[in-house]
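Trainee: We have chain A already, so just place chain B on it with the hints.
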Amino acid sequence: MPNLQAITPLGNKEPVTETYGPVTLTEITDIALASVSARLGREQDTAAALEAFLGTPPPGAAEHCGNNLSAFWMGPDQWMIEAPFETHEDLAARLAGTSPNAYSVTEQTDAWCRFDLKGPSLSDLFERLCAADTHAFTGGEAVRTSIEHLGCFVLCRTQNHFSVIGPRSSAGSLYHALVTAFRSVF
Amino acid sequence: MTSPNRLNGGLIDRDQPLNFIFDGRQYSGFKGDTLASALLANNVRLMGRSFKYHRPRGPMTAGSEEPNALVELRTGARHEPNTRATTAELFEGLTAKSQNRWPSLKWDAMAINDRLSSFLTAGFYYKTFMWPTSFWEKVYEPIIRKAAGLGTLSHQPDPDNYDKGYLHCDVLIIGAGPAGLAAALTAGNSGASVILADEDYLLGGRLNSETHTIGDESGADWAAQTVAELQTMPNVRVMNRSTVIGSFDHGVYGVVERVSDHRPKPLTGKPRQILWRVYSKHAILSAGATERPIVFENNDRPGIMLASAMRSYANRWAVTPGKALAVFTNNDDGHKTAVDLTTLGVRVTVIDSRENAPSSGSYETIAGGRITNTAGRLGLTHVEVTTTSCTIRSLEVQGLGVSGGWNPNVQLTCHQRGRPQWDEALSAFVPGGVLPKGLVPAGAANGVFSTQWALRSGQQAATEVLGHLGKKSETIAFPEAEDAPAKIEPFWHVQGAKRAWVDQQNDVTAKDITLAHQENFVSVEHLKRYTTLGMATDQGKTSNIAGLAIMAEVSGKNIPEVGTTMFRPPYTPTAIGAFAGRSRDEHFRPVRKTPSHFWAEEQGAVFVEVGMWLRAQWFPRAGETHWRQSVDREVLQTRNSVGVCDVTTLGKIDVQGDDAAEFLNKVYCNGFAKLAVGKTRYGLMLREDGVAMDDGTAARLAEDHFVVTTTTANAIGVYRHMEFVRQCLFPDMNVQLISTTEAWAQYAVAGPNSRKLLQKIVDPEFPIDNEAFPFMACSEITVRGGLRARLFRISFSGELAYEIAVPTRYGDALMRCLMKEGEEFDVVPYGTEALGVMRIEKGHAAGNELNGTTTALNLGMGRMVSKKKDSIGSTLSEREGLNEDDALKLVGFKPVDLANPVPAGAHLMTKGSPVDAKHDQGYVTSACYSPNLGHHIGIGYLKSGDTRKGEIVRLVSPLTNVDHDVEVVSAHFIDPEGERLRA
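If you read the sequences in order, they're chains A and B. Here my numbering is used: the first residue of the first sequence is 1, the next is one more, and so on. Here my numbering is used: the first residue of the second sequence is 1, the next is one more, and so on.
Excised from the complex, chain A in its bound form (with noise of 0.2 Å):
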């Protein structure tokens, strides 16, 4: 291991965990992070190669799947894998291993913060955030939205537990706008 510590988005040695009314809302730093974009002509073989590693097929449009190592989709072939940080920080290299040349491999793991929220009526907290109309949301949802000004993936795992995943340096940002919310709504 390397002799660095590392520091979660918010600037801290430990990541926050804080309760407002009846959620609660952690920031989320062991989860590592791959993109995975198809090559043309290798869609199928991708998608084969995802199944294999994820022991699902990878998710459709707007959607996510999986629970250890887990998936959502960003775009037409194009995905992001997670997987625990402690034994995946290496996911990137790992999957490009799987099957060379069939996609591209980019890590994303400290490109994004993310933040959990957990707890009763989220979508009432979604509706002031972002336009993603969260109360269809019954999960398995992934939207690219935008909260604050900030370009960010809505992961809704259950209805009860969503994932907010945006740009690392902003997170300052977003999560006064999550805080600010939370205020407001409960």
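Bear in mind the hints are in silico, worked out from the structure with no lab data behind them. Predicted model, so just to flag it, every value in this text is computed and none were measured. You may find that some hints are simply not true.
To be verified - When the alpha-carbon atoms are kept at most 30 Å apart in a straight line, the in silico DSS-like pairs for lysine-lysine are as follows:
(1) B:31 / B:265
(2) B:323 / B:511
(3) B:511 / B:498
(4) B:281 / B:97
(5) B:270 / A:118
(6) A:13 / B:127
(7) A:13 / B:760
(8) B:760 / B:867
(9) B:557 / B:127
Mentor: Chain B only, in chain A's frame:
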């Protein structure tokens, strides 16, 4: 405290008395009151002064269309001018003040304007204050603004929060009167997702103001029960205090929800208001109708109001403006006021302009009568009635209800440039022409005025949109309700009046409209601008139609020929804060922080905004009192030993795929196909028109993998451009792109000791000596015991330099590590200022040089545009105009008198030539003080600059009084041979 004008009944909660203050005096009202109803209950009819003539005014309406009763509500930073007393909900401790008067509401010195009214007609300002021209802005306008106007601002920041939100629904129902409630029930029962929005805090619309029954219960009770039923439906969202302010494209509506305006201040953390953007598949406009007045002499005294408002005050708020009232009407609806008030024990006389007016045994009706004048300085005391036999009667009354018929609230049907249509039978404009897509009008908003038909109309509208949605609707059997036909005989104004107010908010008289016509303002839009008819907070809701009628009369047209002015959002006044939402002060827009930001804060760095990024500009040290001291130190220390700068902000784009090299050959003007793996190359991108777009480097990490860097400012634009090229221009190329700007913390480590410093950090299996890792090398390496990293030997400063990148989470630690390990070299962190100084000393181009007008030729890189291949911008860069013999060339400038500055932006003139644009020779783009050279330097563009080195030219900046000589020199002030960076 007694409330002399309070009646029995009403929808107020008499168990909850509330104290409030108006103009310093304490009064009491009840929960459910508005400020206007509570003041009327206390026999306060005078609530404001008019805009121009400072005429005493009271409430004309009981709703958001109010033109007169505008007050300054609350105190301190929450003080809000121009608030309608008719919609301000009473709360304990409410404080309000009248506005636009001095020294008091009863004794207003500016009422002298009323005496001078014959001079102050429409267009008075334009005609009078014409000379001298310069006086308008500095003298006349400030005086006029002081004399005329509405309330005053607090001049303090708004202490409240505003929020924004997004809602989605199948059906948005705008207005919760009988039509809206019937539509909501019908749509709600079908399972469709429904939003029912109403500006009032009590839903039901006119049902709360009338004595009508629906079946066996009062209209108000039926409304309350229906609302309660709707609130139990999970698919129906009932929003009170929520005004639909605008109709936009694609079924989007703006809704302002007044979350906290009924409280002294918002609850902790809660917003004052929320601006909702509602995405609807369909909308039903059931916004009701607004009664309109009749214009007659002195029709603006406190106590004169719309007949429907008088009825609202009586039935909903249990208030009368006095014990003896009159009603002036041209239609049957006015008689309802007489019936209701008479029932409540108030004496009422009806003056009906129709000779065949209905009569009643319970009140006197003067059929065919006209009100020809009124009296009462601060409140109505008498009305003068001229009968059909031309006899004049004076009635002693404290209130006069006026009814000229009803105007459907068509505004939202017109926000997308639709025009309403004239309905002859109703003498009113109704929704018509092209409506916003998906919008169906219903009820009174569609000219359906009886309660029975409003219910049916709402149901029909809901059934229609449910059909479009493919949902089944069940017909609800609504109980029998009031079904009186709308009988009206148009009567707009009493002839011969001299001071008869058409637009009470803007003090526009019938005479002003006639005058505007005489002066050839024939277009209704010009009429509006010239007279101000229909402007300001009420947007002419009660005045437009009378103005049009008078305009039609004097121009010999009919009303539809005159037409209406354009209705625009917002429907009612909206706080600017609601539009801003959370985007204010330091949260106006998000910020981007670099990986070393928190460390830099600890060092006391001074930050600068670069786009959304906050970058360290310099790092002051103890004893440094001027930024130049810090910057000079950072530059010298870097050039003498080693410095570190956070360059994460430069855009990084991962380019992969079998055609990655060929793709870069297209987007860069210079060649990349043959770049070896493990090498980096400077690249210049051109726009399609041949002008330079951005520069940066591309590092080849593998045959099919490059990392492209961009300038900080253009990171997003370049990525967007490359995606466009990939998706639209070369979709067959096998290339994939993704931004990795934020994934890697990247630091420039520059200076003669940079290698020694990095050798302490880079793991030993990756040698970085000059042989193993020469200038422009790149490699994936590990640092500090195995952490994956990237190393690039590139130099912006001109020194031996590297850029090292690690995953962003380790960026903070790497900076601390570089500082600690660099102590023996006296390492220094440097900010963007020192970065700028060093790149100017080296003659490297940046944003100032890539300014959107310059080409590769101008930059001295003309030969970089490879003609061995095709690339974007290559062909158009050959245009004649971009390749003239005396084209601008990038060169350096050194002051002849070394004490002189070389300001950026200054222009260059040949010695002895005139200083004008015709003789302009070029301009300085970037300049700084060079601590290495000990004087100011600059770089910039000079005509044929590459052949003029050694020439003395004149540097001029007339704006800043600069005029001195500079010598044309090479732009490379430091190490022109590039020995340092290859060392």
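Trainee: With reference to the structure, classify each hint as holding or not holding.
Mentor: We went through each hint and held it up to the structure:
{"no.": "1", "hint": "B:31 / B:265", "in the structure": "17 Å, holds"}
{"no.": "2", "hint": "B:323 / B:511", "in the structure": "33 Å, violated"}
{"no.": "3", "hint": "B:511 / B:498", "in the structure": "7 Å, holds"}
{"no.": "4", "hint": "B:281 / B:97", "in the structure": "43 Å, violated"}
{"no.": "5", "hint": "B:270 / A:118", "in the structure": "21 Å, holds"}
{"no.": "6", "hint": "A:13 / B:127", "in the structure": "71 Å, violated"}
{"no.": "7", "hint": "A:13 / B:760", "in the structure": "25 Å, holds"}
{"no.": "8", "hint": "B:760 / B:867", "in the structure": "44 Å, violated"}
{"no.": "9", "hint": "B:557 / B:127", "in the structure": "28 Å, holds"}
Hints 2, 4, 6 and 8 from the list above are not met by this structure, while the remaining hints are.
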